[in-house]
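For the sequence shown, the working numbering begins at 11 and goes up steadily by one.
Everything labelled a hint here was simulated from the structure, so no lab data went into it.
The beta carbon of each residue, even a glycine, is placed where N, CA and C say it ideally should be.
Accuracy of the hints is not assured; some may be wrong.
Each pair of labels, with its calculated beta carbon distance range [as the list claims (entries may be wrong)]:
no., residue 1, residue 2, range
1, 134, 225, 44 to 50 Å
2, 307, 261, 42 to 48 Å
3, 276, 89, 25 to 31 Å
4, 234, 176, 35 to 41 Å
5, 155, 316, 24 to 30 Å
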Amino acid sequence: MSATALLPVSSPSPSSLAIGGPILVASDGSAFSHEALFTAARLAASAFGGALEVIGVCEPMPGVAAGMDVLPVPAELDEARRATMLEDLQRSVNISAAGDPRWPISVLVGSPPRMIATEAEHRGASLIVMGIGRHNPLDRLFGTETTLSTLRESHVPILAVGPNFPAPPSHAVVGLDFSQASIHAAHLALRLLTQGGRLTLVHVRPRFEHPSADWQAWDADYGRTLPPLFEQVGSQLDAPDGVTVETVTVRGDPAPALLAYAQQSNADLIAVGTQRHSFIERLVVGSVATRVLRTARVGVLAVPGK
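Produce the complete structure using the sequences and hints provided.
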């Protein structure tokens, strides 16, 4: 949603939407997380036509320093932790799925963000369902920072939900910068909406203003490009009967402006496209998706660019 020159937009190809692959639910099996995650996952499975698969990841315990040496942790300890998480996940699935045997569960040992992203791509997943967890300062697998780290690793869209996520949502706000990733996000958000829901495409124009004639001319040209671009995206979305698609333009910094609009309009879901940034860019500037995930009090759908 940056103030760059706006160009004609192209819709994601049907293959790039990856509809029909499994819905990968990442959970640690905690009682706090399973209801929200599995409710959102059922919605996604219905919307995208994929089967549910559940994954947990135990981070291996580090070795213990002993003078100049490092004592390795016995492999049995990591295996015991893995078995405990598997039992927790099986219990959660039994509660949420009424023992549905079609929900395969796997628990791996490794870096959670990397393992989740790798497994999602390997399995051809349509979506990863994770948590926005602000309940626990230790930030386990259902935590925001783990979700953010997974997003940076993943080529698969991520739906991050809190404990009160409604399924299905009735109002989704899409941060639209007319990139293919943001249009992809709009397509996916549209599928998640309830019948009779509302999809709002929000473009954030630059807040900077200058009295010079050059600025005024550029700003006027910028404004004239927006209506045909909005119309083009709207026609590509092909919204079903009963779903309202509306367009809004606001000024400001992209993430705060988008969050403010979503809060004012009582949105249930914020959808954004993400772009690949270097490590230094993330440290200095961050990204819209990062700021939205860290701040939003509603569900967030983050769609990585190709």
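To see whether the hints hold, each was checked on the structure:
{"no.": "1", "hint": "134 - 225: 44 to 50 Å", "result": "holds, 48 Å"}
{"no.": "2", "hint": "307 - 261: 42 to 48 Å", "result": "violated, 23 Å"}
{"no.": "3", "hint": "276 - 89: 25 to 31 Å", "result": "violated, 47 Å"}
{"no.": "4", "hint": "234 - 176: 35 to 41 Å", "result": "holds, 38 Å"}
{"no.": "5", "hint": "155 - 316: 24 to 30 Å", "result": "holds, 25 Å"}
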